[in-house]
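Trainee: Quick note, the sequences are listed as chains D and R, same order.
Counting from 1, position 255 in the first sequence corresponds to residue 255 in my numbering; the numbering is continuous, with no gaps.
Counting from 1, position 55 in the second sequence corresponds to residue 55 in my numbering; the numbering is continuous, with no gaps.
Think of the hints as simulated: they come from the structure by calculation, not from any bench.
Subject to a maximum C-alpha distance of 20 Å in a straight line, what follows is the list of computed SDA-like cross-link-like pairs (lysine to any residue):
1. D:K87 with R:R36
2. D:K90 with R:E37
3. R:K38 with D:L98
4. D:K81 with R:E35
5. R:K38 with D:L101
6. D:K23 with R:F8
7. D:K81 with R:Q23
8. D:K90 with R:R36
9. R:K38 with D:T100
10. D:K191 with D:A112
11. D:K87 with R:L44
12. D:K81 with R:F16
13. R:K38 with D:G89
14. D:K23 with R:F3
15. D:K23 with R:G9
16. D:K87 with R:D42
17. R:K134 with R:Q147
18. R:K38 with D:P88
19. D:K81 with R:P27
20. R:K38 with D:Y97
21. D:K90 with R:E31
22. D:K81 with R:W19
23. R:K134 with R:I149
24. R:K117 with R:I148
25. D:K226 with R:L11
26. D:K87 with R:Y28
27. R:K38 with D:S86
28. D:K87 with R:E35
29. D:K81 with R:R36
30. R:K38 with D:E96
31. D:K23 with D:S46
32. D:K90 with R:I40
33. R:K38 with D:Q107
34. R:K38 with D:S85
35. R:K38 with D:D104
36. R:K134 with R:D150
37. R:K38 with D:Q92
38. D:K87 with R:K38
39. R:K38 with D:N93
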Amino acid sequence: MASKELNSTDYIEHHLTNLTYGKCPDGTWSFAEVHGKSQVAGTEASCNISEMGFWAFQVDTLFMSLLLGFGMIFFMRRVAKRASSSKPGKVQNAVEYLVTLVRDQVQDNFTASNNPLMGPLALTIFVWVFLMNLMDLLPIDVVPWIANGFNAPNAEGGAIHYFKVLPVADINAPMGMALGVLILIHYYSIKSKGLGGFLAELTFQPYGKWMAPINVIFEIPGFYAKQLALGLRLYGNLFAGEMIFILIALFFGGFFSSFAGVLSGIAGLALNFIWAVFHILVVILQAFLFMVLTLVYLQQAHEHH
Amino acid sequence: MNFNATLFGQLLAFVFFVWFTMQYVWPYILEALEEREKEISDGLEAASRGKRELDEANQKKAEILEEAKKEAADLVNQANARASQLVEDAKATAHEEAERIKVSAQSDLEQAAKRTKEELRSEVAALAVAGAEKILGSEIDKDRNAQIIDQIAEEL
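Kindly generate the complete structure, drawing on both the sequences and the hints.
Mentor: Here it is, written out as structure tokens:
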């Protein structure tokens, strides 16, 4: 669906740009400016994304993840309200299957205590990440096309020229969750071992307390790397998947202009199908991994090494 | 690929969703789930208990049947024994009775014969006397006659 005015580089760049609303150096809040014009038609943009620095919100990421998150809790709440032990309906059955799966994972991976947070935490992670990952399987230009008032994503006429539909391909979404897990890990580490015990674990191992500086060099990066990797793993997998979809989408560029374009379009369809089928696995696997690793790390936080 | 305030937006959203799930979703579904699991396991247990009870009842039934059969057989045997006993008794009684009747009949017979003999004797004596009177045509001394008659009667 790349329009004629866009070359491949522009097309890819367009798909990797978030709809951003932030604070410019001159102190005003506005949408970002890309290639000399505002991301949203009819608004004045006073700076580009990199100039905004920290005070910027990726509106598309927030919108999609909140939409999916609220959809999730609305749906779950409906099921939970009507849940009864006798004769479950199809929907209740499906949700119960999910809850059973999560409960089994919690029981297998988190044995430290009977913490009532673990089940809901694992369920939220699994379902929310799954739903966000699932956005990757939507045809890549559909949501930007809708956002732009059913115009080609970057064309004039519509309202919103930039819209990234996949929240997890924005580093902030997976790292936001990983940050939550990181906070929980610190909380439970200190709660179960005491601050001293927690610090001792990072400094007195593996070579005893006289080698503390070396121990710190080993332990601190190891401790934080695994938590950083929790978010980066999800981001990396889904970003790469999205990237492949964008590249495959380039095959459709010349569909209406030449015979070769038609051939490449057909090849693109086949590739898109194969990658989508493969990606179904990634979508569910990454959601599952995020959940299980969270439980494993929290279990480790309770254990004394 | 730029970190910004979105990170904290996502973190807050995450915290909110986890809190909501913990407060309003997870306990309800889990409760229904565990209740049903309990109902099912109770049901299975009840079924196996019922089956066990049925087996026991069947066994008991067979025992009772066996006992009843034995009792019936005993009763029949007893009845048979009693019946044959009765028959034996009746036979014995009848035998006795027959014997008694025979004996009394015999004694009756003997008595009758004796009485007849007596009668005959006295009749013969009278006839002899009458005959003799007729022959002699005279009165014979009754005392002597009587003596003679008695003698004759004795000899008869």
